[in-house]
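Chain residues, written in single-letter form:
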Amino acid sequence: MNWLLVHLDTLLESLARLARQPVASALNVIVIGIALSLPAGFYLGLSNLQMFSRQLSSDPQLSIFMTLDASTAEVTAVEQRLKSNSDISRVEFISRDQALVRLKRSASLSDVLASLGHNPLPDAFVITARDNDPATLASLHDQARKWSKVEHVQLDAEWARRLDAALNVGRMLVMLLAVLLAVALVAITFNTIRLQILTRRDEIEVSKLIGATNPFIRRPFLYFGTLQGLCGGFAAWIIVAVAVLVLNIRLADLSGLYGILFRLEWPDLGYTLVLLIFSALLGWLGAWLSVSRHLWQIDPR
Amino acid sequence: MNSAPNRGTMIQVSHVAKRYPGGYEALRDVTFAVNAGEMIFITGHSGAGKSTLLKLITAIEKPTSGSVIINGQNVSAMKPGMIPYFRRNFGLIFQDHKLLFDRSVFDNVSLPLAITGFPRGEIAKRTRAALDKVGLLGREKARPITLSGGEQQRLCIARAIVNRPAILLADEPTGNLDTAYAEEIIGMFKSFNQVGVTVVIATHDEDMIGRLNPRILHLDHGRIAS
Numbered sequence: 001m002n003w004l005l006v007h008l009d010t011l012l013e014s015l016a017r018l019a020r021q022p023v024a025s026a027l028n029v030i031v032i033g034i035a036l037s038l039p040a041g042f043y044l045g046l047s048n049l050q051m052f053s054r055q056l057s058s059d060p061q062l063s064i065f066m067t068l069d070a071s072t073a074e075v076t077a078v079e080q081r082l083k084s085n086s087d088i089s090r091v092e093f094i095s096r097d098q099a100l101v102r103l104k105r106s107a108s109l110s111d112v113l114a115s116l117g118h119n120p121l122p123d124a125f126v127i128t129a130r131d132n133d134p135a136t137l138a139s140l141h142d143q144a145r146k147w148s149k150v151e152h153v154q155l156d157a158e159w160a161r162r163l164d165a166a167l168n169v170g171r172m173l174v175m176l177l178a179v180l181l182a183v184a185l186v187a188i189t190f191n192t193i194r195l196q197i198l199t200r201r202d203e204i205e206v207s208k209l210i211g212a213t214n215p216f217i218r219r220p221f222l223y224f225g226t227l228q229g230l231c232g233g234f235a236a237w238i239i240v241a242v243a244v245l246v247l248n249i250r251l252a253d254l255s256g257l258y259g260i261l262f263r264l265e266w267p268d269l270g271y272t273l274v275l276l277i278f279s280a281l282l283g284w285l286g287a288w289l290s291v292s293r294h295l296w297q298i299d300p301r
Numbered sequence: 001m002n003s004a005p006n007r008g009t010m011i012q013v014s015h016v017a018k019r020y021p022g023g024y025e026a027l028r029d030v031t032f033a034v035n036a037g038e039m040i041f042i043t044g045h046s047g048a049g050k051s052t053l054l055k056l057i058t059a060i061e062k063p064t065s066g067s068v069i070i071n072g073q074n075v076s077a078m079k080p081g082m083i084p085y086f087r088r089n090f091g092l093i094f095q096d097h098k099l100l101f102d103r104s105v106f107d108n109v110s111l112p113l114a115i116t117g118f119p120r121g122e123i124a125k126r127t128r129a130a131l132d133k134v135g136l137l138g139r140e141k142a143r144p145i146t147l148s149g150g151e152q153q154r155l156c157i158a159r160a161i162v163n164r165p166a167i168l169l170a171d172e173p174t175g176n177l178d179t180a181y182a183e184e185i186i187g188m189f190k191s192f193n194q195v196g197v198t199v200v201i202a203t204h205d206e207d208m209i210g211r212l213n214p215r216i217l218h219l220d221h222g223r224i225a226s
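Protein chains in written order, with the numbering used here: chain W, 1 to 301; chain C, 1 to 226.
If we strip away everything but chain W, and leave its shape as in the complex, we get (with noise of 0.2 Å):
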């Protein structure tokens, strides 16, 4: 049990380094916090608009319209085919006159629509697919585009498709991000060291005459790192937490006008023990390189 009492002392004396030097250590780990909070930030984001937009993709749907002039005949023949069809779960036809129908009820097309005087509105099929594959939605797409007297195929998810190719996009991004500001995290924390390495130069130096390790000098300055990197993982997670909130008052706004629930999602303990694990493992690859380069420097003569 004496090596774990060992590392605890260890821990306390690194955690009364840092708080010896408040302000210095507050810079630190602000800075820190905000390098993590940015590429964390905007993950959290994206993977808040990537369930936003699986719930409204949920459903594979396509729209069949038929040209205007389609006869009953031409429309069943159409119909016969989709139910045929073993891709396709659930077929639901909207006739002309039921859409018309439908249209009326909103208020502000009646007038439109009176003023015309005859159906606009061709006959429809919403179909629904089996699975959710854009290579079977794509494929009847094609297929029902070349029957006769069907004018329009419209998949309806494609919207969400297109967010879900831009959302891959800002995922790279937010890859790129993250290994430039990991990279400035290493940094940091490599000088930090270095400057404490220098002004504890004489205590290195009595600590390897007479008798200490290189893992026994390394300890402190690994723990100091370590906990220093954990710090700004915390501050990066109470960024983006106040971040949230801040922003899902006025999301709750933005989306009301639209007549959608659209909120920001709180960190998860996944999310949050990720971002914590790497922060502090950053700080830890910091202090390592910096101890590595520094420690050999420092030869008792």
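Hints in this document: simulated from the structure, not taken from any laboratory.
One thing to keep in mind: the hints can contain errors.
[As the list claims (entries may be wrong)] If you want a taste of the chain C side facing chain W, the calculated C-beta under 10 Å gives, among others:
1. Ile60
2. Lys62
3. Gly81
4. Pro84
5. Arg87
6. Arg88
7. Leu100
8. Arg103
9. Phe106
10. Leu111
11. Ile115
12. Thr116
13. Ala160
14. His204
Computed from a prediction, not measured in an experiment: that's the story for all the values here.
Quick reminder that beta carbons are idealized off the backbone N, C-alpha and C, glycines included.
Following the hints, complete the assembly by docking chain C onto the known chain W.
Structure of chain C alone, referenced to chain W:
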């Protein structure tokens, strides 16, 4: 000259030469042995090679040729990873003290014990015992900067003996002290030697050896002169 009982060789230096880059020869063909439990003085004017010899014994530097064997271990053939453990055999008293001025007296003395990895209770007990031996027990919370020159030297000695080393090495331990203090310090070394510690003291000040009549190794321009 050697009055200590022969209990085996603690330090064996054989045909050691040390040449620094640039061609300066600090030591030339130095051979001597120190038995366990012996007290020996290495004398000579400054630049005679005393400090270099101590650095070779503690593996701070390596000899250009020849061999240094401490307690059966060949220092020149030692792997770098073994050196920290090897150095724990020594209590070192440096010419420039090398005290840590941002730590208390207690923390300075307990550093070797922390490095060795003693449990906390044991560290406190041994540190107080070492401080007691050098007469600094009441000052454990003080900063080294508030101590007088003689007290700083005693603090150095406490740090050197706290680990109960087999060999005590001192480089000019009475350097800046007046005669009364110097005699007190030498008396401490004598008492450690009496409980079995091998003591090696390098000094340019042959007066301080005075009435002890110990074994003396005189260095002159890197050679043993006596």
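Taking the hints in turn, this is what the structure says about them:
1. Ile60: Nearest chain W Cβ about 5 Å off; hint holds.
2. Lys62: Violated, because the Cβ-Cβ distance from Lys62/C to chain W comes to roughly 12 Å (cut-off 10 Å).
3. Gly81: holds, 8 Å
4. Pro84: Holds, about 4 Å.
5. Arg87: This interface hint holds because 4 Å falls under the 10 Å limit.
6. Arg88: holds, 4 Å
7. Leu100: holds, 5 Å
8. Arg103: holds, 8 Å
9. Phe106: Violated. Min distance 15 Å.
10. Leu111: With a closest approach of 7 Å, the Leu111/C hint holds.
11. Ile115: This hint holds: Ile115/C lies near chain W, its Cβ roughly 4 Å from the closest one there, short of 10 Å.
12. Thr116: holds, 7 Å
13. Ala160: holds, 8 Å
14. His204: Hint violated; His204/C Cβ to chain W Cβ min 20 Å, cut 10 Å.
Checked against the numbered hints listed earlier, the structure breaks hints 2, 9, 14; every other hint is satisfied.
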